[in-house]
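J.: Listed below, chain by chain, are the residues.
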Amino acid sequence: MITLSFLKLLEDNGFGVIDTNLFFQKLTLDKKGLYIADVGDPISKGTRKSQSFELLARGNSDVDGYKLLNEVLDFLSESYSTVCELPAVPPISLQTYSNVLIRPTASITNVGLDANNRIIYSITGQIIYKKSL
Amino acid sequence: MAVKSTLSKWATQQSTVTDRIEDVMTGVILTRATMLAPVLTGALVNDGRVEKNPEGGRSVVFGSNSVPYARRRHFENNLHPQTLYYLQRAGESVAKENIKKYVDMSEL
Chain A
1 MITLSFLKLL EDNGFGVIDT NLFFQKLTLD KKGLYIADVG DPISKGTRKS QSFELLARGN
61 SDVDGYKLLN EVLDFLSESY STVCELPAVP PISLQTYSNV LIRPTASITN VGLDANNRII
121 YSITGQIIYK KSL
Chain B
134 MAVKSTLSKW ATQQSTVTDR IEDVMTGVIL TRATMLAPVL TGALVNDGRV EKNPEGGRSV
194 VFGSNSVPYA RRRHFENNLH PQTLYYLQRA GESVAKENIK KYVDMSEL
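Chains A and B are the protein sequences, given in the same order. Residue numbering for the first sequence follows the working numbering, starting at 1 and increasing by one per position. Residue numbering for the second sequence follows the working numbering, starting at 134 and increasing by one per position.
Any given hint might turn out to be false.
SDA-like, lysine to any residue: derived pairs with alpha carbons at most 20 Å apart [what the hints assert, rightly or not]: (1) B/234 / A/105; (2) A/49 / B/151; (3) B/229 / A/49.
I should point out that these hints are in silico values taken from the structure, not numbers from a laboratory.
Use the sequences and the hints to build the structure in full.
T.: Okay, here's the thing in structure tokens:
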């Protein structure tokens with residue numbers, strides 16, 4: 001659920017609304033917006049854990065999704081390149097996360113055209129965190 | 134006096150790391166193929182999964198008894214020709230990226 005908290009963080013910072021244009025694991029929806037998916041199993045080391053994710057964007061035009069992901073990357077590098085906290089997502093989850101480091105691992109990738117001729121863009125990254133009690 | 138070799142321990146660690154890298158790469162291929170696949174009823178895009186191969190490694194698979202047309206849709210689609218080779222294109226988008234990205238995502 002750490003990626004859901006990350007999506008909530010994006011919602012709190014004006015990137016959209018969950019289930020309207022921010023989607024958690026719902027890759028099969030053919031809507032415009034940002035989609036987040038867990039990639040691989042979480043990795044544990046001591047009290048810290050790591051979850052890899054992929055953030056995909058489908059926009060109104062060919063450059064729309066790219067711009068959106070670029071804004072997310074700017075936001076992460078400006079505000080979250082150091083340790084931070086991720087919020088709870090009530091009523092789904094009251095779990096918060098502390099000592100969080102959100103680390104995008106590459107630049108924006110053009111994945112290809114979808115069924116409606118819109119370009120899908122993607123960034124991948126890693127969230128390193130510790131669960132708060 | 135003896136010198137102890139830790140090569141087998143190192144080999145085990147490397148095997149675990151390789152397994153994680155494969156886990157992440159197939160996960161990314163699956164998410165991308167799901168976004169690129171044609172959507173009509175939603176059955177095809179909901180059918181994608183990662184399977185562990187008995188001989189080792191993992192495969193990203195679309196198609197089952199409930200979605201027997203997955204293979205055909207990969208090679209033939211008159212309604213949405215831009216979705217052809219959705220799984221192949223997803224795999225290629227990962228293959229053309231730097232492997233270091235996936236190594237970084239697999240380490241803590």
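J.: Can you give the numbers of the hints that this structure goes against, from lowest to highest?
T.: 3
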